[in-house]
Structures are given as structure tokens and as C-alpha cells.
Amino acid sequence: MARRYLRLLGAQLRIAGLVSLQYRADFFTDGLLSLFWLGVNVAPLAVVYGRRETLAGWSFPEALIVIGWFTWLKGILDGAVNPCLTAIVEHIRKGTLDFVLLKPADAQFLVSTAKFAPWRGVDSVGGLLLLAFAFVRLQRWPTPGAVLAALLLLCTAVALLYSLWLIAISVAFWVVRLDNLAFLFGSVFDAARWPVSVFRGAWRFLFTFVIPLAILTTYPSLALLGRLDARTGLFAVLGTLAFFVLARQIWRRAILHYSSASS
Amino acid sequence: MRGAGVARALRAFPSLLRVGVAEAVAYRAEFVVWLLTTTMPLIMLALWGEVAREGGPLGGFSGADFTAYFLAAFVVRQLTGVWVAWDMNREIREGLISMRLLRPIHPLVAYAAENLAVLPMRLLLSLPVALAALFIAGRDHVTHDPALLGLFCLSTAGAWLLGFGLMATIGALAFFIESSLAVADLWFGLFFVCSGYFVPLSLFPAWLRPTLDLLPFRAMLGLPVELLIGRLGRAEALHGLAIELFWILACWALALFVFGAGARRYSAYGA
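Each protein sequence line maps, in turn, to chains Y and L.
Mapping the first sequence onto the numbering used here, position 234 (from 1) lands on 234, and the numbers just tick up by one.
Mapping the second sequence onto the numbering used here, position 181 (from 1) lands on 181, and the numbers just tick up by one.
Everything labelled a hint here was simulated from the structure, so no lab data went into it.
The beta-carbon is built from N, C-alpha and C at its ideal position, and this holds for glycine as well.
Please note: incorrect hints may appear among the correct ones.
What the hints assert, rightly or not - To give a feel for the contact side, a few chain Y residues facing chain L, derived at Cβ under 7 Å:
| id | residue |
| --- | --- |
| 1 | Thr-143 |
| 2 | Phe-189 |
| 3 | Arg-200 |
What the hints assert, rightly or not - Residues from chain L that keep clear of chain Y, each with C-beta distances beyond 12 Å, as calculated:
| id | residue |
| --- | --- |
| 4 | Pro-14 |
| 5 | Val-32 |
| 6 | Gly-189 |
The whole structure should be built from the sequences, with the hints applied where relevant.
And the structure:
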């Protein structure tokens, strides 16, 4: 069973790789755009720290680490999540989702691996560079344990991103004309470029519990700096697991709701 | 010939607007999603408000000033957002633009009507925010000068015209290049930083200001916002409006040129 799905994943990835090789020029445009957005993301930060030493307890290099994680996740979002999202919304609108549902494999798996844009991986390189730069400015390096914890939290963040995405897709079954879902997704995600402790009151609550942006970028950054306490980390992992299960349930409900475009 | 075309466009415009409004009402859910995608000013409001609270006023902006600024930015953005580049890009790629080219009205006019028609719905949604802004930030944070309020309306209308001209140019690039949406992406990045969307422009280093004032970005957001919250005198406002007018004319000329040149070399699939 598991081997079959691994082979399926391999096939889908191979197809994505072959497709992207046809658009080699994208490597350069995506790469340049990614560098450009790195600058755009750092600009407001530079303005703040041009006038202040710290912001809500975060120094400039520390805040850069958050942007580094943000850029990395953005690469994953644009490279693996958003292409599938637009593809499935298109399927629902045109009624061609039938062909996916008819295939002898789990529909969620099929739509989640339908499309990749590997060139977007350039973003991850940019994110790594930013992380390296931040630690050079801090004049110390993270301990191996901190790196391990940060990587675990990166997996958590990706799982969370995926669950949010799955819920968004499920909504598309009810409200068909949602070709702008990807934009909504991106704009909510945009707030994750700031450490969550910058926000107060209702915003803090919203970004920690309702749209858990804290788990996406702030916690991995704290872990990398060695400032995340174990209980918060554990809480984040367990919360994400619960969220993942919930998303799967919503997806199954939604798929039952699907009635093809022509029927 | 030209005059007849303009007269026809003017006659058709109200009907086009009515169709657009009906469409906006029909796709309410999509509409709310779009509204939610422009929450960035509110997030920036929270952020800069916190900065001001932590260490006192910043570059002449207190916490309440930031609130007024970003709420005004939210409203202006609601009123001046256009998405014509995406529509045009899709229709050119899928060959749907042939339909528009056949109609006896210039496609740019039809696009403009579609993009304008959502304004009633957007007003409905952003007016409560505007009123709340007035209530929270207090009357001191909105200009009292009726002339400046008039200029605010002018510059907001101008911001829409400028945005539409630019987006139409970028959309029409799809006639020539495959990745015209990458150009839109690039444009938005510059816009976010240089228009006052992330940071009020007066917080930028002084040596950057003259350049930023001359670029088209400020006219699309920063200028109307600063006018509304009473940060500009009449002379400064008129100076900004003159720059805005220049960019509007330049962008519309460019849009018409690029679209015309593109339509001439365009051949739809199956045609």
C-alpha cells in the first residue's frame, strides 16, 4: 500500500520535473523574482530597525531569521501547494474532478501531488542565505539540538500549511468561483513575516490560535535561537496533528458534497 | 469616425456598469474573499501601532496617526484596486479576447466598466471602516479643509485611473510575452514598498524622498491617504496631483499603444 503510493508520488514528481524542464527560462525569472521579493520583505524591517534597536524583544538579525523562515516556507507554498490549489479549483469549476475521483487511489493524495513548480525552490535557497546572514550578524551559530528542533518545527509548519490549504480547497466545493483562493492564502500568509509577539490583543490571539501563523515562522525561529520552551513546541506539534486530522475530515465531507458540473 | 466611437462607448457605458454590478452581487462569496486579501494595511496598522507604543512617536507619527494612516490606506486601496491584468492575461492566452475585439466598443473601455462596477459593493464594505476610522482616530486626523477633501477625491479617482492604465499595459503585454504576470508580480513588489502601503513614505530616509515623490507609486496610494489625514498643505497637494496627472496620461497612452500593437499581431487559436 505505502509502496504503491510512494511509486505514485515518484511518478507525479517525475512528470513535474519533466514539465519544468520545458520551461527552463522560468528558472531565471523565478530566481530573480525571488531575490527581488526578499528585498521587498526586508525593506519595512530595515525602516523599523533604522529607527529602533529592538521591536517587541526582537533585534534586527533575529527578525531577519523570521523572514528567512518565511521565505523558505513561501517557496514551499508557491512550489508545491499553490499549483495544486489552482489546479483543483479549476477541476471543480469545469467538472473534470470526476476523472480524478474515478482513479483507483486516494483522491486527496492525487490532488495534493498533481502539480509542482520545482523552480520555486530558489526561494528556499534565498531563505537559507538570509538565515546564514542573520547568524553571522548575531556572531554565533545555533546548537545541533536547536537545528534539529527547528527542522521538526519546519515539518510541522509544512503540515499545517497543507491542512490550511486542504480546508480552503474544501470550501471551493461549496463556493465554486474561488479562483482567487490562492491570493487569499498568500495574503494571510504574508502576516507571518513578522514575529507574532509584535502583535497585541486580538491580533495575537488570531495569529496564534485561529490562523496559527506563530507555528509557521515564529516558533521555528525561536527554536533556532534556542529560546523556545519545550512545552510550547510540543503543544505546536500536537495542535498541528489535530488540525491535520480535522482538515482530512472536512475534505471527506466536502468530497461527498461534490456533484459534477453536468449532473 | 473616432467621435462616433467615443459616443458609442459613452452610450454603452451605463449598461456595462449595470451588468458589472449585477455580477458583483451574484458572486458575493468571491467578493468577500477579495476583501480579505486586502487586509495588509490592517496588519501594518497593528505592527506600526505597536512600534509607536513601545518607543514613542516615530518620524512624527503617533499611535493614533498610524491608525488613521492605515485605515485610510485600507479604504483607498479598496476603492482603487483593479485586476484587469489577470483577466486580460487569461483571455489572451485562452483566445477569449477575440470576443471583445469583435464588439463595437474598445476592449479597454469594457474592461474599465467591469473594474469600476464593483465600486458600489466595495464602498458598502469599506464605508463602515472609514466611519469607524473617523470615530476611533478622532476628528483631528481627518483634514478639515474642504479644498483638500476635494483634492482627495480627485487624487483617489486619479489613483484608480493610474492603476488601471498600468495594469492594462501589463495585461496587454501578454500579447507579446508569456510571463506578463511575472511583470505584475514585480510591479506589486515595488508598489508595496514605494507607495506607502507597508510604511508611510515620510519614514523613509530623507535622501530617498524626492525620488519616491517623482515615481508613480506614491500617486496610487500615499498621496490620497496623506491628503485625507491632513498631512499635506495645498501647495504640496497640487504638486503631487501634477505628478499624478503626468503618470496617468503616460500610462494610458502606453496602455492604448501596447494593446493596439498587440491586437494587430494577435491571432486567436482556431481563427
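Checked hints:
1. Thr-143: Given a least distance of 30 Å, the restraint on Y:Thr-143 is violated.
2. Phe-189: 11 Å, violated
3. Arg-200: Y:Arg-200 check passes; min Cβ-Cβ to chain L is 6 Å, inside 7 Å.
4. Pro-14: 25 Å, holds
5. Val-32: 10 Å, violated
6. Gly-189: 4 Å, violated
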